[in-house]
Amino acid sequence: MTIFLIRRLMQCLAVLIMMSILVFAGVFAIGNPVDVLINPEATLAEKERTIQKLGLDRPLWEQYFIFLRNALSGELGNSFVHNRPAIKLIVERLPATLELSTCAMLIAVLLGIPLGIWAGLRPASVFGRSIMSGSIFCFSLPTFWVGLMMILIFAVKLNWLPTTGRGETVGILGIGVSLLTLNGLKHLIMPAINLGLYPLALVIRLTCSGVQETLPLEFVKFAKAKGIKPQRVIFVHVLKNILIPIVTVVGLQFAVILAFAVVTESIFAWPGMGKLIIDSIILLDRPVIVAYLLVTVFVFMIINLVVDILYSILDPRVRLGGL
Amino acid sequence: MASSIAETPIHRFVSDFTESKVAVFALFVLCLVITIALFGSWLSPQNPYDLTQVDILDAKLPPGSEGIRGTIYWLGTDGQGRDLLSAILYGLRISLVVGVISGSLALAIGAVLGVIGAQVGGKVDALIMRTVDLFLGFPSFLIALILLALLGRGVEKVIIALLISQWANFARIARGAAVVEREKEYIDAVRCLALPRRRIVFRHLLPNCLPPLIVVATVNVAFAITLEASLSFLGVGLPITEPSLGLLISNGYEYILSGRYWISFFPGLALLITIVSINLVADQLRNVLNPRLQK
Amino acid sequence: MSTNDKTLVVEDLKTYFFTKAGIVKAVDGVNFSIGPGKIMGLVGESGSGKSVTGLSIVALVDEPGKIVGGRIIFCGQDLKGLSEEQIRQIRGVHISMIFQDVMMTLNPVLRIDTQIVEALKAHNNISHHEAIELAVAALYQVGIPTPRERLKAYPHQFSGGMRQRVAIAIAMLNEPELIIADEPTTALDVTIQAQILYETQKLCRERGTALIWITHDLTVIAGLADYVCVMYAGKIVEQGEVNEILDRPLHPYTIGLIGSVPSRNTRGKPLYQIPGMTPSLLNLPSGCAFYERCAFADQACLEEPCVTEPVEGHFVYCFHPHVKSYP
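Quick mapping for you: the protein sequence lines, in order, are chains A, B and C. Letter 222 of the first sequence, counting from 1, is numbered 222 in the numbering used here, and no numbers are missing. So the number in the numbering used here is just where the residue sits in the second sequence, counting from 1, plus 1000. So the number in the numbering used here is just where the residue sits in the third sequence, counting from 1, plus 2000.
What the hints contain is simulated information worked out from the structure, not anything from laboratory work. Certain hints may be false.
To be verified - Straight-line alpha carbon distances no greater than 30 Å define the calculated BS3-like cross-link-like pairs of lysine-lysine that follow:
#  : chain 1 : residue 1 : chain 2 : residue 2
1  : C       : 2152      : C       : 2121
2  : C       : 2269      : A       : 229
3  : A       : 157       : C       : 2080
4  : C       : 2121      : A       : 229
5  : B       : 1021      : C       : 2121
6  : C       : 2006      : A       : 186
7  : C       : 2066      : A       : 229
8  : A       : 229       : C       : 2080
9  : C       : 2014      : B       : 1021
10 : C       : 2152      : A       : 240
11 : C       : 2080      : C       : 2020
12 : A       : 240       : C       : 2121
13 : C       : 2014      : C       : 2066
Okay, chain A solo, but in the shape it has when bound (with noise of 0.2 Å):
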């Protein structure tokens, strides 16, 4: 187990440095870096500064490195149009992207595997069909447009939910957490749910689809034919042998989600990173897009690293070096 760890430690490394790589020479390397890290607007003598801090003036290898340690340290340059270092904008906004995927994301599990059982144990009933018309329904609706209908309905004609915004937080460990208020649930919910509607899609499928293949596996019989509890058949053995492909999915879908963030964010003004990268796009702000970068690539790999322990915990093939 420890082998398998350090060996997908290193492949993160490897992923990481050459991540940091095609930044580096989407950044550096096109395009003049004076222009792109340093506000046009900045006085020479500022200018001169900050090529002189980010060695713009050295040869490229050795700027490689300067970026390289500058971005370990948190320093790449300061937003223009906050005037602060971009890193830290980013990771100040980075619990509340976090949260909103988070809870997008159990709601897409807590829900859609028991509906995904459902309708893969009952496929032909009203019910088992009617999840899976309503689940195709449901990935292909625009998720921003559907933002903007449950603004229109919850908040605006019905006036049960806020329109917009972040509720009051509970500081965790330092960080902000607004799941624990009840304030922060009535803004959470909106947006956890427009964020959670494809990824729930997505499980519901792909459960039933898990479902319908397994059941007719000779395991399954020759569990019936022990004579055990049907439930103990479905959670226990269907359940365990279809979680892997689901996690493997969930863990994806996470990452996809954080990205699509973004759109969640802006209808719902939600303070996190996505407002900030499509403000900071729409004004060139390239430092901190650069930053966003590096942190969404950074949190990607401890996504892929958690999936992967994930996976060789749940299949004994993958840890033991059966398959």
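Take the given structure of chain A and dock chains B and C to it, following the hints.
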């Protein structure tokens, strides 16, 4: 047993596909949408981007109201007084065109690269697949977003961004299918004829890898359309001169809070209908073309 | 023997599959019985309905199959009318089943001990510790070395033969009155097959467990069973004591089957084959299903044959049993 001998693969495909009434209906709706999109500019009562036809005094009228000059605005007007129905017809065309072009190009490039990788093998294959893995490790949305951040706005740029964020999926599927096909006997036979590699790849290998690719391509077109709409909604996609459905929806954003829902609602509905019908068709295609599900 | 002495009596069992293409009469009026400690072979080709017969007994037939007629009397009780919960309490404890596919009989993502202990706990109120002890003893019984360590392993870490032994151990755990084995050794190589046959036979004799061994391989039956039923196209065409059937087969199909065994053929000559192919169960002809392939068929065979008993204890479903061929 009368039909078993006379059935061609196409015949069988059509009869399998039409087993699902829902899919047939969806296909019908889709054809309708495509027709409307193609002939939009002739069908629409107004050219919403011709300033002489638009009257600011007609702005923000709810659906079904009558305008200054007596024209009925069936779906209402937007903040500038443009007829929403016409705007949707124009927008539909742009959204579809961008989605289909980027989807087809991604399919073409991805499939060719995947099949070449499978056929040539060795370092070329490894290089292609490592690149594919790198791209697949990141969400398409993110790739498209960052590319547009670097490239700026514009139709070609959006198509390029969508294309780059999608080719990898096709490449992987094409390579997987090609690896399986490659082992089949007819490829050996063709190689015995000493045909040039290029011909083997394009005339023989590629066409037989098509079934799984067709399913993915259909789903991907829907995805590309949604992706473009999302990007345009955020303001980083198509420019204002090429108003897609996403842009129309974002135009209506500011009016939501005052209850003027129609400006965002109807373009979104058009988008939804398009996407749902594509996905329903794709779902039935997958059921029909997937050998594992065939009883 | 009266019904009450028999472990299992199957009367006129009919299991049909209601598919989109039509009704498949997989099991069409099957009758047999088996007593305690006896071994019965159920022989037939693929598609003859032998597996479905086994599954019908424990109500494990999947949709769109349904048992549409007949009685299944197990230790005096008709299983057919029972609810799902009642049948569940019989499965694994009174009637156990073993299947063919050694790769997939055991759940690949669960440990062996989990899979054995759950079979015990479903029917007995014992602690986990006690269950483990019983599991160790069961594995030892079927000849698995170092059972205690092996319990913590996963199925893929066992060879095919070992996995099948584990399945047999699980089947015998709760000391059932009847075991139904559906081609359990078909996927194993011949030497392992011989071992497993021998061990299963020994265990059944020791404990007085009745065993129904479903197979397509006559040679297996020859060495193993007391009684044999030959199935064809959903019906039992011949049944009787194994020596009687093998020495004096009366039904043309059985004769053909025995004749097809390679060792029966003279060296150098082409192997004997029964001409023709199994009919599609969707479209069975009226009358005898073997009509098309039978060398001795005539006009009479277009009617439904009846079951006759030309020799005591030896039943044939045919108009022309080959009584005359033997002295």
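Cross-check of the supplied hints:
no., hint, result
1, C:2152 x C:2121, "holds, 18 Å"
2, C:2269 x A:229, "violated, 55 Å"
3, A:157 x C:2080, "violated, 59 Å"
4, C:2121 x A:229, "holds, 10 Å"
5, B:1021 x C:2121, "violated, 48 Å"
6, C:2006 x A:186, "violated, 69 Å"
7, C:2066 x A:229, "holds, 21 Å"
8, A:229 x C:2080, "holds, 20 Å"
9, C:2014 x B:1021, "violated, 35 Å"
10, C:2152 x A:240, "holds, 17 Å"
11, C:2080 x C:2020, "holds, 25 Å"
12, A:240 x C:2121, "holds, 20 Å"
13, C:2014 x C:2066, "holds, 9 Å"
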